[in-house]
Amino acid sequence: MKKGVVFVLIAVIMLGIFTACMAKDNGKADAGKSTPSVTPTPARTPEPMPGMLIGSGDGYSNFAAELYAKSAEAEKDNFLISPASAYFALSMAANGSDAETQKAFEIVLGMPVDQMNAACEQLIPKLRMRSEDGGRLDIANAVWLNETLEVGDNFINTAKEIYEAEIFEAALSESADDVNSWVSEKTNGMIPQMLDEEPGSDIAMLLLNALYFNGVWDTPFDESLTEDRIFYREDGTTVELPFMNKHEDRTQYIKTENAEGVRLFYNDYRQSFVALRPTDGKSIHEFAAAFEKDTLKNALSAAEMRDVDLSMPKFEQEDEIDMSDLLRDMELGIIFDQNQADFSKMGTMNGYPLFVSKVIQKSAVRVDERGTEAAAATEVEMEMAALPMENQKGPVKLVLDSPYAYFIMDSESGIPLFMGVMDDPS
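According to mature numbering (1 follows the signal peptide of the UniProt record, and there is no 0), the sequence shown holds residues -23 to -1, 1 to 403 in order.
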């Protein structure tokens, strides 16, 4: 992990935390361009989220916000995380759990397993997107089974039917190349190597999620206007690097009691990029560590339509995080305890029960004049236990030359897809 840079990339699916009308009321659909010869493409009227998703929103948004906050507390340098990718992978694992282990999943993931499945079954196809200009959002799941694993039929059927998971049976101790090829394909090469070594002989199953996003700005930055300027890091040091520059007519400028920022749309208005930086003297780590489920919702509610002269750095970052300790801190420690974990619905290997040995995630993001590309992959490793069992005002000048948070949202459904924090774009 490169020292001195902080990126918290949270691929989030806050089920119903934002209503679809938010994008309709505050989005670019209402904003006309100031140049008469330019006719903006109107935003699609957002479709309401299914009732199940709206009703289950608080649980997931709590999960995402807590993971975001705990990551900010634990990581002092660069980091990228995707709670959405983690959520899909952990939801699959929850279907193999029972008794107290399942209760722990339901508390941390925010809803009973049957509601979790119903929400994910609707959400996965709804979030997927392809556009003519190359914009896309892909979600993929997979289960790798050890050849000697006696797997539960219901668990596999749920993975295939609800999570659309691909099922592979193999000698897992020789499967690293196949797993890495699958992840690389599903993330468009942004995560070329998920496994750094072959799984051990006691590994019974690998649960994998891959998430890939590529969005083109509604109004791209002109590369000829990109110029070097100073970025002020959290620790007080500075770095000179390329800043992208453009004037945005009637875009969403955000100003709250403790932050300011902007919301930029991608060209089909289904997704948007939100940047927020603290203005109350707190560091970006403190801002992220205090993140709650309504923080982003409240910030967007405070947005008003303004002309904005925007400068922001172009950047790219990647990271790998062992989420095991983060999840233990979120009261999901039972899944890692081979003496207490109950995955009896998932199966057994050589007569022994299973437990989660680790949860690993790799992520990457790139933001430039054209748009944004981001990816995340999460691996849940199941091991054989050793024991049996708007008002128009004048232009605003916004120079993002100090740490800020950023968010990529699906505006049609009202769901934030990625959430991040930048401390140093170099």
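Hints in this document: simulated from the structure, not taken from any laboratory.
Cβ coordinates follow ideal geometry from the N, Cα and C atoms, glycine included.
Watch out, some of these pointers could steer you wrong.
[As the list claims (entries may be wrong)] What follows is a set of in silico ranges between Cβ atoms, one per label pair, in the way DEER data are often shown: (1) Gly328 x Ala153: 20 to 28 Å; (2) Lys259 x Asn316: 21 to 29 Å; (3) Ala153 x Glu217: 35 to 43 Å.
Status of the hints after comparison with the structure:
Range check, glycine 328 to alanine 153: Cβ separation about 26 Å, and the 20 to 28 Å hint holds. Hint check: lysine 259 to asparagine 316, Cβ distance near 42 Å, so the stated range 21 to 29 Å is violated. In this structure the hint that alanine 153 and glutamate 217 lie 35 to 43 Å apart at CB holds, the actual value being about 40 Å.
Of the numbered hints listed earlier, the single one contradicted by the structure is hint 2.
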